[in-house]
Amino acid sequence: MSATPQAAGADIGRPGAPGGAPGSARPRVSVPDWVRGIRPGVALAGLVVAFFVVAMIVPSLLTGHDPYAVNLEETLQSPSWSHIMGTDQSGRDLYARIIYGARESLLIGLGATALGMGIAILLGVLAGLGNKWVDGIISRGVEVMFAFPILLLALLFVAVFGPSVTTEIVAVGLGTAPGYARMVRGQVLAVRDSGYVEAARALGHPYGSIVRRHIFPNAMRPLVVVMTLGVGQSIVWASGIAFLGLGVPPPSPEWGALLNAGRNYITQAWWLEVMPGLAIVVFSLSLTTLGRHLQQRLEGGVNR
Amino acid sequence: MATYAEPTGTTAIGVKPRRAPWLKRIAWRILGAIFVLWAAATFVFFVQQLLPGNQATLIMNEQTGNQQSYTAAQLAPTEAKYGLDQPVMTRYWDYIKDLAHGDLGKSYTQHKSVTSIIGEQVGPTLVLTVTALALAWLLALATILFTSRRRKAVSALGSGWEIFSAGLPYYWLGVILLVVFAIELKVFPVQGGTSIEGLVLPALTLAIPLAGFIGQVTRDEFEKVLDQPFVTSARARGMGDLAVRFKHVLRHSVLPAITLSGWALGALISGAVIVETVFARPGIGQMIVGAAEHRDVPLVSGVVMLVAFIYVVANILVDIAYAIVDPRLRG
Numbered sequence: 001m002s003a004t005p006q007a008a009g010a011d012i013g014r015p016g017a018p019g020g021a022p023g024s025a026r027p028r029v030s031v032p033d034w035v036r037g038i039r040p041g042v043a044l045a046g047l048v049v050a051f052f053v054v055a056m057i058v059p060s061l062l063t064g065h066d067p068y069a070v071n072l073e074e075t076l077q078s079p080s081w082s083h084i085m086g087t088d089q090s091g092r093d094l095y096a097r098i099i100y101g102a103r104e105s106l107l108i109g110l111g112a113t114a115l116g117m118g119i120a121i122l123l124g125v126l127a128g129l130g131n132k133w134v135d136g137i138i139s140r141g142v143e144v145m146f147a148f149p150i151l152l153l154a155l156l157f158v159a160v161f162g163p164s165v166t167t168e169i170v171a172v173g174l175g176t177a178p179g180y181a182r183m184v185r186g187q188v189l190a191v192r193d194s195g196y197v198e199a200a201r202a203l204g205h206p207y208g209s210i211v212r213r214h215i216f217p218n219a220m221r222p223l224v225v226v227m228t229l230g231v232g233q234s235i236v237w238a239s240g241i242a243f244l245g246l247g248v249p250p251p252s253p254e255w256g257a258l259l260n261a262g263r264n265y266i267t268q269a270w271w272l273e274v275m276p277g278l279a280i281v282v283f284s285l286s287l288t289t290l291g292r293h294l295q296q297r298l299e300g301g302v303n304r
Numbered sequence: 305m306a307t308y309a310e311p312t313g314t315t316a317i318g319v320k321p322r323r324a325p326w327l328k329r330i331a332w333r334i335l336g337a338i339f340v341l342w343a344a345a346t347f348v349f350f351v352q353q354l355l356p357g358n359q360a361t362l363i364m365n366e367q368t369g370n371q372q373s374y375t376a377a378q379l380a381p382t383e384a385k386y387g388l389d390q391p392v393m394t395r396y397w398d399y400i401k402d403l404a405h406g407d408l409g410k411s412y413t414q415h416k417s418v419t420s421i422i423g424e425q426v427g428p429t430l431v432l433t434v435t436a437l438a439l440a441w442l443l444a445l446a447t448i449l450f451t452s453r454r455r456k457a458v459s460a461l462g463s464g465w466e467i468f469s470a471g472l473p474y475y476w477l478g479v480i481l482l483v484v485f486a487i488e489l490k491v492f493p494v495q496g497g498t499s500i501e502g503l504v505l506p507a508l509t510l511a512i513p514l515a516g517f518i519g520q521v522t523r524d525e526f527e528k529v530l531d532q533p534f535v536t537s538a539r540a541r542g543m544g545d546l547a548v549r550f551k552h553v554l555r556h557s558v559l560p561a562i563t564l565s566g567w568a569l570g571a572l573i574s575g576a577v578i579v580e581t582v583f584a585r586p587g588i589g590q591m592i593v594g595a596a597e598h599r600d601v602p603l604v605s606g607v608v609m610l611v612a613f614i615y616v617v618a619n620i621l622v623d624i625a626y627a628i629v630d631p632r633l634r635g
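Order-wise, the sequence lines are chains A and B.
The opening position of the first sequence corresponds to residue 1 in this note's numbering, with each subsequent residue numbered one higher.
The opening position of the second sequence corresponds to residue 305 in this note's numbering, with each subsequent residue numbered one higher.
Honestly, the hints are just simulated from the structure, not real lab data.
Where is the CB? At the ideal position from N, CA and C, for every residue including glycine.
The hints are all genuine.
Here are the simulated distance ranges between beta carbons:
#1 A/L72 - B/L489: 26 to 34 angstroms
#2 A/G130 - B/G544: 49 to 57 angstroms
#3 B/D623 - A/V58: 52 to 60 angstroms
#4 A/G64 - B/Q371: 40 to 48 angstroms
#5 B/I330 - A/L76: 56 to 64 angstroms
#6 A/N264 - B/G357: 28 to 36 angstroms
#7 B/A331 - A/P249: 47 to 55 angstroms
#8 A/L62 - B/A384: 53 to 61 angstroms
To spell it out: a stretch of chain B is covered by chain A in this simulated footprint if at least three of its residues, at any positions, have a beta carbon under 8 angstroms from a beta carbon of chain A; those stretches are:
#9 352 to 360
#10 473 to 483
#11 587 to 601
#12 605 to 617
Sequences are here, hints too, so could you generate the full structure?
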């Protein structure tokens with residue numbers, strides 16, 4: 001996450017990533033450079049993310065099974081051709097439940113990340129642009145929040161407010177905010193002290209428009225990447241809370257709730273724990289891969 | 305440090321400002337730590353005040369297992385017992401004062417002090433986290449010593465594994481290890497309790513992701529140090545590759561990872577909450593999950609404050625460790 005401030009116009013020459021342009025002897029196929037730069041791993045990660053986004057929007061497209069249909073003749077079946085991820089204690093198809101659970105899981109992850117990022121942007125921009133005192137108070141406050149691990153903060157919130165999805169989102173959002181806030185502050189500081197901001201100031205642009213047109217957009221750009229990585233992390237944390245039985249309650253197919261429900265059957269039906277966990281790991285790993293790819297792109301490095 | 309003749313001119317370019325003496329720096333750090341703890345306690349106290357509904361009603365319902373409301377006369381003894389009849393600022397002051405004396409308050413659901421409950425449960429968790437920390441360092445260092453700057457495939461495998469393992473959630477890794485080694489292969493017990501055999505899988509579950517983190521941080525530094533002149537000179541003296549890596553490079557490259565120790569301890573305790581649940585292992589983790597479920601606010605707050613305390617102390621120790629590993633920092 002190194003701070004490489006770019007002038008507001010620096011990415012005019014983008015999509016044409018460096019190295020692609022100089023009249024090389026490549027055959028002129030109409031494949032844009034930004035597509036050519038994608039490695040197979042990144043492409044796979046993109047497919048995985050796309051798959052889960054489809055699952056989030058129209059789950060019925062990806063499975064014919066009903067995630068809530070109880071079938072007491074087919075309880076705890078191991079994975080087979082008719083139920084590729086097996087069935088749970090009520091005979092419900094696990095694959096269908098994971099697909100239908102994607103919506104709630106993704107929304108929780110997005111919500112928590114948006115909340116954390118919102119708080120972080122507010123604090124980080126204030127600290128980065130404020131005077132010594134504002135910066136000092138916010139930075140100390142952020143430091144203090146680092147003393148609370150996310151999961152323990154979440155448990156405190158559960159104890160005070162009672163277990164619910166809202167508690168889960170707020171806890172994960174607040175827990176991740178200090179890390180983001182520190183990053184935002186660093187970005188704002190780097191951009192604030194950069195040459196083009198100084199130039200704008202020398203040209204006599206009003207402070208408000210410098211912040212709006214130069215500092216804000218340039219400081220926020222790297223956060224796109226951080227958000228991509230953050231959604232995966234938030235889902236992992238939120239599922240952990242639900243796994244402990246303190247998040248989304250059982251009948252829901254949310255991934256953490258699936259993990260929690262499967263805990264009692266671990267000795268008989270491993271797939272009830274392994275499969276939802278696999279969904280979480282594969283999804284967050286794909287987001288990480290995509291995020292890193294974006295990062296390399298945005299920081300203007302060579303794609304490798 | 306400054307063995308060269310210092311320029312006598314007016315500019316101070318190249319002359320480092322004198323470091324504050326060693327003891328003074330430590331004193332400052334301790335003051336800072338007390339500030340962080342005070343702020344953390346203030347945060348925890350005021351989060352508790354946000355509790356929706358009547359606190360005494362909640363306590364009585366949790367203690368009796370009912371869901372009902374009470375008259376003011378019925379609530380009075382409970383309010384008096386937990387000091388809820390006092391004004392907020394009085395309670396805040398008492399809370400901070402008690403914390404300073406190591407008193408974390410009274411549990412709502414168990415008729416004991418939070419300090420004594422934590423004291424009873426902390427043993428197994430301590431064994432688990434310390435074992436995991438040692439194991440994580442061992443794994444991380446072995447991976448780095450043997451895979452960094454080797455043939456391309458080996459290095460890629462090493463760093464790829466680090467990225468992958470650092471992202472593994474504890475609940476999933478724990479379940480996989482449990483299914484493979486305890487349920488299918490039956491090498492380890494499914495519910496190990498606090499036995500030695502029962503320690504292996506939980507400790508591994510905590511150690512593997514942490515090793516990934518330590519590895520990622522250390523590898524960058526390790527590869528940078530490998531290019532340093534003193535490495536070349538050590539090789540020129542005829543030192544073997546592994547010896548160079550072990551004796552010279554490692555010492556320089558573990559610094560960033562040591563900085564993370566305070567954070568790592570916090571992460572390990574967080575992880576212990578989940579791992580103890582997966583392996584049904586007694587300890588603080590299992591206890592705090594139950595406490596959160598039963599809305600036992602003082603008990604959960606107590607553990608949270610304990611972890612904040614550990615974090616702060618660890619960071620001071622890291623500062624000292626830094627000075628030991630890197631003599632340049634000794635003022």
